[in-house]
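*Asks:* Residue numbers (this note's numbering), protein chains in the order written: chain A, 417 to 774; chain B, 8 to 355.
Treat each hint with caution, since some may be false.
Derived pair list, reagent style DSS-like, types lysine-lysine, alpha-carbon separation capped at 30 Å [to be verified]:
1) A:K754 to B:K220
2) B:K182 to B:K282
3) B:K213 to B:K184
4) B:K289 to B:K220
5) B:K289 to A:K613
6) B:K220 to B:K184
7) A:K613 to B:K282
8) B:K188 to B:K343
9) B:K343 to B:K184
10) B:K56 to B:K320
11) B:K343 to B:K220
12) A:K613 to B:K220
13) B:K117 to B:K129
14) B:K188 to A:K613
15) B:K182 to B:K343
Not everything, but these chain A residues come out facing chain B in the computed CB check (under 10 Å) [what the hints assert, rightly or not]:
16) S489
17) S494
18) L608
19) G611
20) V612
21) A748
Calculated from the structure, these hints are not laboratory results.
We treat Cβ as the ideally placed atom computed from N, Cα and C, and that holds for glycine.
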Amino acid sequence: MTQPASAARKDAPMSAAESSSDSASGSTSDTSSGTAGKRTRRPALMRWDVRSLSLLGVLVALVAVGGVTQPDSFLATSNLQLVLTQASVIGVVTVGMTFVITSGGIDLSVGAIVALASVWATTVATQEFGFAGILFTAVLVGVGCGLVNGLLIAYGGMVPFIATLAMLASARGLALQITDGRTQMVTVTEVLDLGVKDAYVLGVPPLVLVFAAVTVVGWLLLNRTTFGRRTVAVGGNAEAARLAGIDVRRQRLYLYLFSGLCCGIAAFMLIVLAGSGQNTNGNLYELDAIAAAIIGGTLLSGGRGTIVGSVLGVLIFTTITNIFALNNLETAVQQIAKGAIIVAAVLVQRRTLRGGDA
Amino acid sequence: MSRTAPSRRGLLFGTAAVSAGALLTACTSNEPKQQEQPAAGNTPAAEDKPGKPVTIGFAGPQADHGWLNAINQNARSRAATYSDVTLEITEGSNDTAAQIGQVQTLINKKVDVLVILPADGKALTQVGLQAMRAGIPVVNLDRVFASPQAYRCWIGGDNYGMGLNAGTYIGEQLKDKPNAKVVELAGLDNLELTRQRTQGFDDALKNYPNITKVARQAADFTVESGQAKMAQLLQAQPAFDALWNHDDDQGVGALRAIAQAGRDDFLMVGGAGAKSAMDAIKAGTGVLKATVLYPPTMAASAIDLARALGQGKGVGGLAELEIPSSLTLYSAVVTKENVDDYLPTGFN
Numbered sequence: 417m418t419q420p421a422s423a424a425r426k427d428a429p430m431s432a433a434e435s436s437s438d439s440a441s442g443s444t445s446d447t448s449s450g451t452a453g454k455r456t457r458r459p460a461l462m463r464w465d466v467r468s469l470s471l472l473g474v475l476v477a478l479v480a481v482g483g484v485t486q487p488d489s490f491l492a493t494s495n496l497q498l499v500l501t502q503a504s505v506i507g508v509v510t511v512g513m514t515f516v517i518t519s520g521g522i523d524l525s526v527g528a529i530v531a532l533a534s535v536w537a538t539t540v541a542t543q544e545f546g547f548a549g550i551l552f553t554a555v556l557v558g559v560g561c562g563l564v565n566g567l568l569i570a571y572g573g574m575v576p577f578i579a580t581l582a583m584l585a586s587a588r589g590l591a592l593q594i595t596d597g598r599t600q601m602v603t604v605t606e607v608l609d610l611g612v613k614d615a616y617v618l619g620v621p622p623l624v625l626v627f628a629a630v631t632v633v634g635w636l637l638l639n640r641t642t643f644g645r646r647t648v649a650v651g652g653n654a655e656a657a658r659l660a661g662i663d664v665r666r667q668r669l670y671l672y673l674f675s676g677l678c679c680g681i682a683a684f685m686l687i688v689l690a691g692s693g694q695n696t697n698g699n700l701y702e703l704d705a706i707a708a709a710i711i712g713g714t715l716l717s718g719g720r721g722t723i724v725g726s727v728l729g730v731l732i733f734t735t736i737t738n739i740f741a742l743n744n745l746e747t748a749v750q751q752i753a754k755g756a757i758i759v760a761a762v763l764v765q766r767r768t769l770r771g772g773d774a
Numbered sequence: 008m009s010r011t012a013p014s015r016r017g018l019l020f021g022t023a024a025v026s027a028g029a030l031l032t033a034c035t036s037n038e039p040k041q042q043e044q045p046a047a048g049n050t051p052a053a054e055d056k057p058g059k060p061v062t063i064g065f066a067g068p069q070a071d072h073g074w075l076n077a078i079n080q081n082a083r084s085r086a087a088t089y090s091d092v093t094l095e096i097t098e099g100s101n102d103t104a105a106q107i108g109q110v111q112t113l114i115n116k117k118v119d120v121l122v123i124l125p126a127d128g129k130a131l132t133q134v135g136l137q138a139m140r141a142g143i144p145v146v147n148l149d150r151v152f153a154s155p156q157a158y159r160c161w162i163g164g165d166n167y168g169m170g171l172n173a174g175t176y177i178g179e180q181l182k183d184k185p186n187a188k189v190v191e192l193a194g195l196d197n198l199e200l201t202r203q204r205t206q207g208f209d210d211a212l213k214n215y216p217n218i219t220k221v222a223r224q225a226a227d228f229t230v231e232s233g234q235a236k237m238a239q240l241l242q243a244q245p246a247f248d249a250l251w252n253h254d255d256d257q258g259v260g261a262l263r264a265i266a267q268a269g270r271d272d273f274l275m276v277g278g279a280g281a282k283s284a285m286d287a288i289k290a291g292t293g294v295l296k297a298t299v300l301y302p303p304t305m306a307a308s309a310i311d312l313a314r315a316l317g318q319g320k321g322v323g324g325l326a327e328l329e330i331p332s333s334l335t336l337y338s339a340v341v342t343k344e345n346v347d348d349y350l351p352t353g354f355n
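Produce the complete structure using the sequences and hints provided.
*Replies:* Here it is, written out as structure tokens:
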């Protein structure tokens, strides 16, 4: 996301498609165990693969479509602010999801965790502690759910699909229990004020700044740290990673914790946006986050992840939704188009993969 | 790596299926709000004097949204006002098979009358028929059975009427304004009731040739979706005169988006009759000027009708000896002028 200019300098187009787009293979032994060992090593900044470039192309094309069909409203500053704001909440969730999928796992509970964290943080008793109380509770609930997920998967030996499916059900149930279906209105003005224009920093909404910060931290974590290399290694080949001395179980625990943390942050952002907490919050986030990560180029089978791709995936989805609404398209058409994009992206990914492994 | 790719892709679609299921169950009610103090103060429809004891079985769906909670509360509190009524309530469920089992349990208990708010009207038709054949009259609440033989009496809300009355109210407000523009924030498009509300609205607007509907987007009956869709609509429509929002709960989000955009150049009409909406109408300071009712008090009336059925009475005020076979509630328009009358029926 931060170095589009370097994309033009990519020097090995043939291998680019199969190598990690922006995950650092670096020179440590950790990563060499991650894949079949066919990757070429280049400085990380130059490794913008074909997929990320094509995603950027798609986004530019979408912006062009928006600009042509609705020249007055689409390119207005207020609309661009809106698109970025709407991408922020699901974007933060997607960053966490990218790590989990890169490690070969899946987290189906993100939407439910966002719902639970948002209603827990907005119940009246919590609001008495003001801004800090709401923020702290949302993050704590998110991390707590992530901890349970991580313990079940890493140390309980449960399949991620089942463990997080169970979390999906129980977190939604708990959210319903807490609210009785009622909307928990927020009365803390410091929280509400974050969502209005007066709070914008140089024209950028605070939620977008949070999204940008999480993205940068996520990118650094995945591409510049041992933690990131271990994540890729575990996803590529867990047994090899274990033999290489990585504590695979602890790594998995940390990953689901991180995903839960992202959900907690997203829940707080949603509270700012909607001015309330509701048990229906975060509906279908699991689908949106997984789809955005995969379209971005993160492998569902693990071993490769790209934060830049995920963010592009989120931006593409949000921009499409925005263009649909500006052109007043019907719900059915919107859903069909969104589904078609997911299918196309998965098909392209399989084709790329097959070519890479041949 | 590529070996496992198909199963991983399976996971994606599995997630889609699970999530879609969750969405369906989450959105089967019209109004996600709850009522703790139901409006039970109105005069009961049937005669008030104690008659022969009646046991009423009540089978409702899982109260995963507040409107359904309000339904249960209304039924309970109304039954409690009658010394001659015993209420047997089953645990609500969104699972069709489970609800069928619950109704069968009530049949086996030989309750005198059944009140059923089916999770799915079509799917519960057979068990309604079973009850009727067993000699237990059924009061069908809101979601209608597929066969008239499956119930003795139906009582429910009027979705078409909601749209019609909302459209008529907006039409009257804007009738002197040339080239007026209105915008519609609809509910969940998968539901029949959403289409009925839109149809009623469009039909009403046909009476006002100076008004054009310039945009319609559907939300999901949730605060989050209301905020997101309304924010988009406000971007798409830099100027319009009126907004019809199908649901007061997604209206909480819509009002938030309107406040965030700093807009106040139009009037807004909500739907369902949440207390927060009525409070805002009463205050009169925001864009929300009216809401069209879809009241959960219908559950209290269903208890009245069931009691009358069990005691073989008619409805007070009517000439007929029997209770009617169907009753459609009126979707009254609540404005600042009459809000005090309706505030007790508003649900949280």
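*Asks:* Hint by hint, say whether it matches the structure.
*Replies:* Each hint tested on the structure:
{"no.": "1", "hint": "A:K754 to B:K220", "verdict": "holds (26 Å)"}
{"no.": "2", "hint": "B:K182 to B:K282", "verdict": "holds (29 Å)"}
{"no.": "3", "hint": "B:K213 to B:K184", "verdict": "holds (15 Å)"}
{"no.": "4", "hint": "B:K289 to B:K220", "verdict": "holds (27 Å)"}
{"no.": "5", "hint": "B:K289 to A:K613", "verdict": "holds (27 Å)"}
{"no.": "6", "hint": "B:K220 to B:K184", "verdict": "holds (14 Å)"}
{"no.": "7", "hint": "A:K613 to B:K282", "verdict": "holds (28 Å)"}
{"no.": "8", "hint": "B:K188 to B:K343", "verdict": "holds (23 Å)"}
{"no.": "9", "hint": "B:K343 to B:K184", "verdict": "holds (22 Å)"}
{"no.": "10", "hint": "B:K56 to B:K320", "verdict": "holds (11 Å)"}
{"no.": "11", "hint": "B:K343 to B:K220", "verdict": "holds (25 Å)"}
{"no.": "12", "hint": "A:K613 to B:K220", "verdict": "holds (29 Å)"}
{"no.": "13", "hint": "B:K117 to B:K129", "verdict": "holds (24 Å)"}
{"no.": "14", "hint": "B:K188 to A:K613", "verdict": "holds (26 Å)"}
{"no.": "15", "hint": "B:K182 to B:K343", "verdict": "holds (20 Å)"}
{"no.": "16", "hint": "S489", "verdict": "holds (6 Å)"}
{"no.": "17", "hint": "S494", "verdict": "holds (7 Å)"}
{"no.": "18", "hint": "L608", "verdict": "holds (9 Å)"}
{"no.": "19", "hint": "G611", "verdict": "holds (6 Å)"}
{"no.": "20", "hint": "V612", "verdict": "holds (5 Å)"}
{"no.": "21", "hint": "A748", "verdict": "holds (7 Å)"}
No hint from the list above goes unmet by this structure.
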